[in-house]
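**Student:** Sequence:
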Amino acid sequence: MLQKLRSVQFKFFLTLLLGTLLALVLAYLYSSQRAQLQFEQQLEDKQRALRSYASLLAEPVWNFNEMAISNIQRSLMQDQDILRVQVHDEGGHLIAELRSDLFDDQPIAFNIEEPIIYSNAHITQRAGTFSVTVGKASLNGQVRNQISELMLMLGLLILVLALSVWWLHSRMIGAPLRLLMEAIGRSGNGREFAQVDQIADDEFGEIFSAFNQMQTAIADKHQALAASERRFRTLYHSTPALLFSMARDGSVQHASEYCLSYLGLEGVELRGRRLEQLFDNDDPADLQQMQTQLWRQGRVRGWAVTIRGERNEPLELLLDAVCDPQAPELGALAVMSDITSLKRAHRLIDHQANYDELTELPNRTMFRKTLQRELNRQAHDQGMLAVLYIDLDHFKCVNDTFGHATGDQLLQVAARRLQSVVRPRDLVARLGGDEFAMVLSGLDDPGYAEQVASRILTRLTTPYHLQDSEIYVSGSVGIAMFPTDAECPEALLQKADIAMYRAKQEGRNRFGLFLPEHHQAAQERLQMEAVLRRALDEQLFELHYQPIVELASGRLVGAEALIRLNHPQLGLVSPAQFIPLAEESGLIVPIGNWVLQQALAQLTQWRDRVGDAFYLSVNVSSRQFQSSQFLRTVEQTLARYKLEPSRLMVEITESLLMQDSDSNERVMERLSRMGCRIAIDDFGTGYSALSYLQKFPLSTLKIDRSFIHDCVECEVHRGLVEAIVAMGRSLKLTVIIEGIENDRQLVLLNRMQCQLGQGYHFSRPLDAQAFAERYLAVPVV
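Just so we're aligned, residue 1268 is where the sequence shown starts under the working numbering, counting upward by one.
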């Protein structure tokens, strides 16, 4: 009985019963509310109809027509709900009254009292009062009848629906559920995966279909699991990995066939063998520690062991093992990985991390490690050590002229040459780019380092035959000694670098020993670089202007803008002191842009005081010229100050022409099309190739001051100046002579029919105010 009460069928019946009762209650409440509303509506309609009788009584009451009044009253009394009708005159006296026999027995619904108004063409006047008393017996009966009929219909409907639902539940839900339970019961033993045979086209059909699919899937998975077990056994034995299982005591239980084959053992030989008997030359205590960690933590990873392979060669292996610490009796599964080839790969990676890929020399990292080791050894032995810092001179020109592939070949040859001049125990390393370093350890005589440096310079200057070309480079070498100069790797390398930089400053292709005053010079260089980095923000730069004059007439035609650094403590600093630093640090680009903008801004202020042909000449460095923003800066600055491009002369060096790059040619062509003048500064001190003068759109040559200094006394220099002037004239180039300092030079140059010149003979560079006071007091024509 209790089981039936818990069944879905009983719960459904109870739910259905409660739902039926709730539906009846809700239906009754709804019907009552609807009947009440209908009752109130009927009362309202009756009131509206009865009030209209007041207008019908107006004529009879005004004319005292009692018969008409009586007829109207009788017609009203035919309504069984009207209990009494009264008519009073205008004085309130009762004229006529009809009363129903049920007046005293029925409840009164409402009373209506309505004035009787008589109206004709002449007057409108109250004639009396009309009142009606209405009962509600008939209306209540109608309401009760409606409720009864509605409840009866709803009861019958709900009963029919409940019985139908009960029958449908028993037939359409209970029966399919029994079929499903029977199939589940047949599948309980786990061997048979029974299915429901009955087919339906409703939701139970979908459930049966899903159940049958589930049973099929379970059967398939059962078969797949069995197949997987067989496949696992196959993979376990055939996979190319050294797999084996071991017991809690460290003895081997099973091993894969591949593992047996790899080790050259039979299963009988390996089964029951302990790990210390399997592994070669491994400490039993270490193996015991490994097993303790495995059974305690459930995993051992990367345990290094050594074993003898099939050919009796030692194999380096890594052992990984897993187990369940809660069930150690199940044993552990282990796999060994042969890392012999991996170790070879690690050695290759270590070589790549410590050696330069291009030259196969040790790199900067390896150099520092070796230097530190040698310093420790020499400090212990109280010995001497030298560090040499080597930099190839003009290597950038090789890359720019012949390409980076040729530059790489040159670096490889240079590396071999450097190795050929040192002892086998000495270290040669490539620090990066075209910079090399050496460590000469165990020295008895400091002079040996100088001998090696001398041999380096000789070997580096030997021509390089690459790409069917004969290339010449040289080197600059700096030497620092341990322990006299420094005692740590960084300091030694830094001081050797300082000595090398000093050798470059003194003309390249030489070596230099570090001296304490070099360190002071390097510190001053760093301080100057720091000043340069702040100079633009702190407005420490200013421009001076040196006039360019027509030699024959002395007429001012232009001026060269020359930058100066005016430091509060250092005073006026020459460009020779900071321009090389600006080039090296890359600050030359923003400084050059400032010079260009400042010069053109000044020219704008002088616009009304100089002639239309007056121009300013601005020096542009190679790095600034090759900047992607250079052309845009020129165009925007000329447009901002509304200046003709011909008022600007751009001075570049011969080395820029030697690079012969397409981008340089495009920039010059663009400047020329804009109308700017292009001048070669210090012409004659570099390569001075005539082909470059013909190829590029140049307008001016500026002959370097070194040719003018002694051209009066030196016939060779005088001939060079005459040749350059003649060449410029034939190429239709304007020639400007730099460095004119006296009358004798001026007379000689006029005799050569030189066009323009500048120098101390005319004026030193002047600041803007002094230049204006001296040359622009009156407009220049």
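Just so you know, not all the hints are guaranteed correct.
Here are the simulated SDA-like cross-link-like pairs (lysine to any residue), alpha carbons at most 20 Å apart as the crow flies [said to hold, decoys possible]:
id, residue 1, residue 2
1, LYS1663, ARG1614
2, LYS1663, TYR1731
3, LYS1999, ASP2034
4, LYS1663, GLU1583
5, LYS1636, PRO1691
6, LYS1663, GLN1772
7, LYS1403, GLU1496
8, LYS1403, GLN1373
9, LYS1403, ALA1335
10, LYS1663, LYS1909
11, LYS1909, ASP1949
Beta-carbon label-pair distances, calculated as ranges [said to hold, decoys possible]:
id, residue 1, residue 2, range
12, ASP1464, ASN1412, 54 to 60 Å
13, ASP1487, ASP1464, 17 to 23 Å
14, GLY1714, ASN2017, 55 to 61 Å
15, PRO1507, GLU1449, 25 to 31 Å
16, GLU1773, GLN1718, 41 to 47 Å
No lab work stands behind these hints: they were computed from the structure.
We put the CB at the ideal spot given by N, CA and C, even for glycine.
**Student:** Going straight from one Cα to the other, do LYS1636 and PRO1691 come out at no more than 20 Å?
**Tutor:** Measuring from Cα to Cα gives roughly 18 Å; hence the hint holds.
**Student:** Could you tell me whether the CB distance from GLY1714 to ASN2017 stays inside 55 to 61 Å?
**Tutor:** 57 Å, holds
**Student:** What's the verdict on LYS1403 and ALA1335, does the C-alpha distance respect the 20 Å limit or exceed it?
**Tutor:** Distance of about 28 Å is beyond 20 Å: violated.
**Student:** Between LYS1663 and LYS1909, is the straight-line Cα distance small enough, at 20 Å or below?
**Tutor:** Answer violated: LYS1663 to LYS1909 is near 39 Å, above 20 Å.
**Student:** Checking one constraint from the list: CA of LYS1909 to CA of ASP1949, max 20 Å. Satisfied?
**Tutor:** 30 Å, violated
**Student:** Taking the Cβ atom of PRO1507 and the Cβ atom of GLU1449, is their distance within the range 25 to 31 Å?
**Tutor:** 52 Å, violated
**Student:** Is it true that the CA of LYS1663 sits at most 20 Å from the CA of GLU1583?
**Tutor:** 49 Å, violated
**Student:** For LYS1403 and GLN1373, compute the direct alpha-carbon distance and say whether it is at most 20 Å.
**Tutor:** Since the Cα atoms of LYS1403 and GLN1373 sit roughly 7 Å apart, the hinted pair holds (cutoff 20 Å).
**Student:** Given the hint that LYS1403 pairs with GLU1496, test it: the Cα-Cα distance must not exceed 20 Å.
**Tutor:** Violated, at about 91 Å.
**Student:** Honestly, do GLU1773 and GLN1718 meet the 41 to 47 Å range at C-beta?
**Tutor:** Since GLU1773 and GLN1718 have Cβ atoms about 20 Å apart, the given range 41 to 47 Å is violated.
**Student:** Tell me if the straight-line CA distance from LYS1663 to ARG1614 falls inside 20 Å.
**Tutor:** Violated. LYS1663 to ARG1614 sits at ~34 Å, over the 20 Å cutoff.
**Student:** For the pair we were handed, LYS1663 and TYR1731, check the Cα-Cα distance against 20 Å.
**Tutor:** 15 Å, holds
When held up to the earlier numbered hints, the structure conflicts with 1, 3, 4, 7, 9, 10, 11, 15 and 16 and fits the remainder.
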